[in-house]
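Enquirer: Those sequence lines, one after another, are chains A and B. Everything in the first sequence is counted per the UniProt record's numbering, starting at 1 for the first residue and increasing by one. Everything in the second sequence is counted per the UniProt record's numbering, starting at 1 for the first residue and increasing by one.
The hints are simulated quantities; they were obtained by calculation from the structure and are not laboratory data. As the structure is a prediction and not an experimental result, all values here were calculated from the model. Treat the hints with care, since some could be wrong.
[Unchecked claim] Only some residues are given here: those of chain A computed to face chain B with a beta carbon under 8 Å:
1. M85
2. R88
3. W156
[As the list claims (entries may be wrong)] Over 10 Å on every C-beta distance to chain B, these chain A residues come out as not near it, computed from the model:
4. L5
5. L7
6. E8
7. D9
8. G13
9. V18
10. A25
11. D56
12. P95
13. T98
14. V108
15. V126
16. S143
17. P144
Backbone N, C-alpha and C fix where the C-beta goes; we use that ideal spot for every residue, glycine too.
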Amino acid sequence: MKPQLTLEDVAVGDALPVLSYEVSATTVVLGALATRDWRPMHHDHDFAVTRNGVRDIFLNTPNQAAWFERYLTDWTGPHGRPGRMRFRMSDSVFPGDTMAITGTVTGVRVDEAGCGWIEVDLDLAVGAESKTGCSARIAVPVSPDDNPWARRGERWRP
Amino acid sequence: MTDDLPADVTALIDRTCYEEAADFPVERGYVWTSCASVENGNPLFWDETAAAEITGGPIAPPSMLSTWFRPHHWTPGQDEPKLPLQVHFDLKKRLDLPEAIIAEFTTVFHEPVRPGDVLTTCQRLRSVSGVKTTKLGRGRFWTIDVEYRNVRGELCGVESYTGFGYNRQNAQNRQEQSA
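Next up, chain B with everything else stripped away, as it sits in the complex (with noise of 0.2 Å):
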């Protein structure tokens, strides 16, 4: 593996891709469902005065963000599973990196979502690293952020993820060959 990045995977970095819609609208069923599997019960998702007063209306909690874009596990049609951050797969298969794992991520929450918002989506490939060692294997560090907007093109939030992909075996022939 060099340390080279190849020119199209260069070419990716900054710049807007999958950009789409999700399934179905945000909704209050998931919102309960949700706070009840953390016993949250913070009057914001279940007292309507509380809510109208302090946030306006309903509002879904921050930290279900991703929660509305995770594709349903079956429709018709489907002939293979939809991935949530496809950027991260399309890494793996291109640079030939068969295992990778989220090291780190963080979310950065602006406007509330509301039942009844459809939101959009869109990922960025930040950065990708040069070729590293660690105890996984040999690979490379990459940031993607995946951004989300309502249907007023309010930017809703970000998360931005640090996957390391990483080739196992690579690993193990260089300890093979260093023994």
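For reference, chain A alone in the conformation it holds in the complex (with noise of 0.2 Å):
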């Protein structure tokens, strides 16, 4: 199989498509079990608005993590490996929410061990209102042959 895109493909600035998707309370509860987060503001709409006191549950953060691997991997193609994560958490996102996830790519290099890195900060909104911030930091192949899943060790410097 040969990879979605290398590193040639892309530059500084480049703007990654826009994934709009909109939540239910089903994606909330969904992607809470799927994490084994059994917290109850994730399920339990009493309980996020008399304990919580916001308006629903509301999604959990590891389950955003998955929407933003997705997204980057929808991106890269299967043979882009996530490296490296970094979240900024600062509202929740709740059940009718249309949420956007949208990203640019920060920087384009090769490290030491020949691997190519491409950095992208990430943004989970709705409508015009930032939710979760995350920089990102994901591998892909720098040649047609090159893959950076077989990469172990020294190679591998996330």
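If you follow the hints, you should be able to join the two separate chains into one complex; please do so.
Expert: Given below as structure tokens:
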């Protein structure tokens, strides 16, 4: 299988395609259970409202990580290998929200081991309001016959 | 609250603690549930041929790293719920900072996690700040690393959590005193 994206296809300032998704209560609950997060604010409306003081149950953080990973690898294809994610959370995402995930390339480089890296700033927003920011680093092939997943030990420096 | 950190908390810094093995092996059913929850169609997780060619066989999505260590909601004989990131809760109690948030976290991915792996984990307190006052209250920031390894001892990933433990009452008192 040929890589969907190689390092030469990418430049600083490139915008990734926008991913829009209508969040439902099912989205929130499915995401919480898929990440084994049993805390009630992610499935119990009354708890979220009366104990947390928010308007509804809300997306948990590990599921947002899964959304960001899906977003990145939709773009890179399966040869893209996530190296690092850093999260900054400022507000919650609720059922009824339409979330939009966007991304901008902030860095493109080849490390000392010959691995090709793309740095991306990601944002999960609802309307004009940013909810979660994420800085990510993902490895992609430097040539059609390269495969970041084959890198181990000193050749993998995330 | 003084700025001095108790000696027993200082002694915890960089010390390995809460070493344990996961309650269950990594399983593909959970991988598919996770992919379904975000409509992730990456062939690595659905197509045996692609997984064999690119990653040498099935793997779990890297973002699921912490999933494999979240305890069951209930187990036989369990009196109290087991908590992930126990050092965070230990610090809240020891420093008398009843409220806490996770302000930021970073995950670094190393060796891929594969179905059948039983991961082991440990926690390390990396730092505790002096007393700070934020809009949430008066307290301290701390950073905790959680390390994950497979049964071969290979590093699969490291999570770093920056928490802020605080006392809301202190902040309210200060506001009342200054009013």
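Enquirer: Hint by hint, which ones does the structure fall short of?
Expert: none
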